[in-house]
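J.: Below, each chain spelled out in residue letters.
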Amino acid sequence: MKGTILRLTLAQRIQHVILFTSFFILMVTGLPLFFPENPVVKRIFFFSASFQIRGIIHRFGAVLLIGLCVYHVAYCLFTRRGHEDLKAMLLRKKDLKDGIELFLYNIGMRADKPRFGKFNFKEKFEYWAVVWGSVIMIITGLMQWYAEAAMIIFPKWILDMARIIHGYEALLAFLSIVIWHFYNVHLNPSVFPMSKVWITGKISLKELEENHPIWYEELVARGEIIPAERDEAGGPVHEAPPGEGGFGRDREGKRDDRKTP
Amino acid sequence: MRRHGRLLAILSVILLTLSSPARPEDGDVCLECHGDPGFWEGGDRDLYVDKDRFGLSVHGRAGVSCTACHQDLEGTEDFPHAERLKEADCSICHEDEVAALEESVHGRKGEGEARVARCRDCHGEHYILPQDNPLSMVYRANLPLNCSKCHSHSQEESEQTGESAPSGAVKSYLGSVHGKALMEKGLIISAVCVDCHGSHAIRPSSSSESLVSRENGPGTCGKCHTGILVNYNESIHGVAHRRGNPDVPVCTDCHGEHTILPHNVEASSVFPTNIPVTCSHCHDNVVLNERYGLPSKRYETFLGTYHGIASQLGDVTAANCASCHGVHDILPSSDPNSSVNLKKLPETCGKCHPGASQHFVSSKIHVEEVERESLGAYLAKKFYSIFIPSLIGLFVLFISIELYGSMRRRKKERRR
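Quick mapping for you: the protein sequence lines, in order, are chains Z and V. For the first sequence, the positions run 1 to 261 when this note's numbering is used. For the second sequence, the positions run 1001 to 1416 when this note's numbering is used.
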């Protein structure tokens, strides 16, 4: 019997969609400023008001991102699911070890793959990179959006620095997404052409056991998965508890009944 | 004085004509042949003279007789007369003008040679009209076309014929703010060729006597743009110009010459987004910067800012050089009246950024991202220029190793 488990709640999936929408808007309207002398970029801004319109769209993207960040912080702090996932996201010494172990495993110096929890070190790294990047971009961006206020508060060298940081941090974010994130969720042979978790929110129990064994064991221990039984073919059989909904609230409600600590 | 001279000359001709009892009304004699519209001898030349049209001309009205100009026919009794006559000598009456012409670029190049442009090339022959007559060849609105008879060659044509007449000048002019004002709006006071170049006494622009030389250029433009000339003369550029400095910009260095366009036309060299490029011709010039001890990298340090980036991408509201430094009235920052004087900066920046305080502007404005000028920006740039390649390198390394690992494992599995 095949089963799936909800890895990303609908709320989290929506956050992801908003995040990449705002990211896309901000990149398209922001990155050209890194190459103002490029003829292709010049052609994009072909009519005189285009630069101003670009600015308006960029600020719209910024509002989207800021709103998302505020919501995300609230989500992490005030919902059980968010809180739980945030705790799972916290960096531990194990993550560094996992990175090294995975490296050794790949070059053939370890027989076994390191065992990951709900979020492996790559995912944690990406998450905190986004957090860090967003904080930097929002702060330096606001300093340029509200230039007059920033002029009153900060000396000019800070504003000069903010401008440089905003540009380079954007470039860094862009390259990270295109190289690192797209590799992990698109080009990686195990998910190619695309991991569908961001749409369905679900991963198969097989995948769960293979890629997140520690989380799998946690779920088994908590009785959220009926552990492997041998079916006729001899393969492990998983069973997800019925009524696993897409909304975090459903799960929370259920767990409250079970009174998990 | 000149006018009186001309009047005197005309009067004397008339008097001479009238007081010559030996001669009949010579016009009538001439018109016996030349009054016939079919009188077409001498190959390419139309020998017909329209009596009525001549009568309307400036000379006809003044009663100037044929022989007053065609002096070698004076006293001729046998007709038909010799086939080739000497060229009419306008200097008999128009002494000053012809003298000026001889000295000008249009004068004789050498002994015995013809003038480059003769009186009749610009003024016509028998039917010359006064310059304020719209039908006159030298009426203001007709001048560009008149001059373009010679000054319209393309560069190639000029080279082929060996003529030195500047190429395409009139064509450029017709597209300029002056040309359009004149031809499209009918603004007759708009500058035409002669206003800048002079008429009879045109000198090569390299000559110090030329109205369009570097020395005289601002004064020439200032004939109409008086207020701007006053501003310019007080500016750092104007003061140096008056001292005879050959390096400072004069009007045409920023605005162009025949091609001058209004500042709100995108192709203009003084359109907001083009100003930085225009100023950079001198202020990004290593030789000039060293010669006058000017701060270097003004252009580069502008381009790196938000102002510069926005300006490069066509935002006309972004500050350009002129927004802060002024236009014709640019003063050195050390001058207390300069818009970029430390005391004036809050006001200048405040035009766009009301929050710009003394505290804000006391830092360097044109900063390079170098250690000594802007440590924060310098370090940020340095950090990212190391961090980004390292991180991306790490990504690529990790990805390749992971791909290598999965390939190796797959091979192993197959072997098993």
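Since the hints were derived computationally from the structure, they do not count as laboratory data. Where hints are given, some of them may not hold.
[To be verified] Computed cross-link-like contacts, DSS-like style, restricted to lysine-lysine with a CA-CA straight-line distance of at most 30 Å:
#1 K206/Z / K1411/V
#2 K1412/V / K94/Z
#3 K124/Z / K42/Z
#4 K1351/V / K1297/V
#5 K124/Z / K1381/V
#6 K1351/V / K122/Z
#7 K42/Z / K1381/V
#8 K1297/V / K42/Z
#9 K196/Z / K113/Z
#10 K118/Z / K42/Z
#11 K196/Z / K1086/V
#12 K122/Z / K42/Z
#13 K156/Z / K94/Z
#14 K196/Z / K42/Z
#15 K156/Z / K1381/V
All figures in this text were calculated on a predicted structure; none of them were measured in a lab.
J.: Given the hinted pair K1351/V and K1297/V, is their alpha-carbon gap at most 30 Å?
T.: holds, 25 Å
J.: Given the hint that K42/Z pairs with K1381/V, does the C-alpha gap stay at or below 30 Å?
T.: With Cα atoms ~24 Å apart, K42/Z and K1381/V stay inside 30 Å; holds.
J.: Do the alpha carbons of K206/Z and K1411/V lie within 30 Å of each other, as the hint requires?
T.: Holds - the C-alpha atoms of K1411/V and K206/Z are around 22 Å apart, at most 30 Å.
J.: Run the distance test for K122/Z versus K42/Z: straight-line Cα separation, threshold 30 Å.
T.: violated, 37 Å
J.: Measure nothing beyond the straight line between the CA atoms of K196/Z and K42/Z; if it is 30 Å or shorter, mark the hint as holding.
T.: violated, 37 Å
J.: Check whether the Cα positions of K118/Z and K42/Z lie no farther apart than 30 Å.
T.: violated, 46 Å
J.: Checking one constraint from the list: CA of K196/Z to CA of K113/Z, max 30 Å. Satisfied?
T.: holds, 23 Å
J.: Mind checking the alpha carbons of K124/Z and K42/Z for me, to see if they're no more than 30 Å apart?
T.: violated, 38 Å
J.: Holds or violated: K1412/V with K94/Z, Cα cutoff 30 Å?
T.: Between K1412/V and K94/Z the Cα gap is close to 29 Å, so the pair holds against 30 Å.
J.: Just to be careful, I want the Cα atoms of K1351/V and K122/Z compared with a cutoff of 30 Å; is the pair within it?
T.: violated, 49 Å
J.: Holds or violated: are the alpha carbons of K196/Z and K1086/V at most 30 Å from each other?
T.: violated, 99 Å
J.: Under the criterion that the straight-line Cα-Cα distance not exceed 30 Å, is the pair K1297/V, K42/Z satisfied?
T.: Judged against 30 Å, a Cα distance of about 23 Å means the pair holds.
Violated hints, listed in ascending order, are 3, 6, 10, 11, 12, 13, 14; each of the other numbered hints is respected by the structure.
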